[in-house]
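Q: Please model the complete structure; the sequences and the hints are all you need to start from.
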Amino acid sequence: MCTSCYNCIVRCPRKLPITHIMHGLAHYAHRLGMAPKGQPTQEIATLFWKNFAKTGRVNELTFSLAMYFKDGFMQGIKNAMAMQGIGIGLIKARRLNPFEIFGGHKCRDREGFSKMIAKAAEIENRKKNFTS
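In the numbering used here, the protein residues as written are 1 to 132.
Calculated from the structure, these hints are not laboratory results. Bear in mind that the values here come from a model prediction, so they are computed numbers and not experimental data. Take the hints with a grain of salt, since some may be wrong.
Using C-beta positions, here's what the derived DEER-type ranges look like [claimed, not checked]: (1) C5 / G103: 24 to 34 Å; (2) G103 / R31: 31 to 41 Å; (3) I9 / A35: 21 to 31 Å; (4) F73 / P98: 17 to 27 Å; (5) K127 / S4: 31 to 41 Å; (6) I123 / I21: 17 to 27 Å; (7) N7 / K70: 25 to 35 Å.
We put the beta carbon where it would ideally sit given N, CA and C, even for glycine.
A: In structure tokens, the structure reads:
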């Protein structure tokens with residue numbers, strides 16, 4: 001249940017990259033099908049990746065909405081209502097743009113980005129075939 005706060009790395013007297021190790025173990029367990037179902041860290045990472053892979057940048061609005069509504073429509077409404085104060089604050093601070101629902105900002109070189117993602121997937125698939 002690592003939250004990626006990096007506190008363990010900062011406090012480790014040997015400067016071990018504990019957070020990176022935890023992420024690696026979690027990813028490996030997920031690949032082997034050993035990760036518990038509904039594990040929140042994995043769900044967030046998956047939603048984040050899907051959001052990022054579409055445009056090369058994270059659309060904060062669609063990512064937030066995906067998080068709120070991942071457990072169904074009614075739960076999404078409850079989650080959104082509970083977080084409305086934070087959302088309004090983010091809009092006022094210009095950290096969240098409601099018009100991003102129509103697409104938002106994108107990576108300039110989408111073709112290059114797509115090629116990079118395809119190459120990374122190819123390398124990852126080679127690793128999967130080698131280690132599992």
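Q: Hint by hint, note whether the structure agrees.
A: Hint-by-hint comparison with the structure:
For C5 and G103, the Cβ-Cβ distance of about 32 Å falls inside the hinted range of 24 to 34 Å, so the restraint holds. With their beta carbons about 32 Å apart, G103 and R31 fall inside the hinted range of 31 to 41 Å. In this structure, I9 and A35 meet the distance hint of 21 to 31 Å, their C-beta atoms being roughly 22 Å apart. Hint check: F73 to P98, Cβ distance near 20 Å, so the stated range 17 to 27 Å holds.
Our hint of 31 to 41 Å for K127 and S4 is violated, since their Cβ atoms are close to 22 Å apart. Against the hinted window of 17 to 27 Å, the Cβ-Cβ separation of I123 and I21 comes to about 21 Å, which satisfies the hint. Taken as a hint, the range 25 to 35 Å holds for the pair N7 and K70, whose Cβ atoms sit roughly 27 Å apart.
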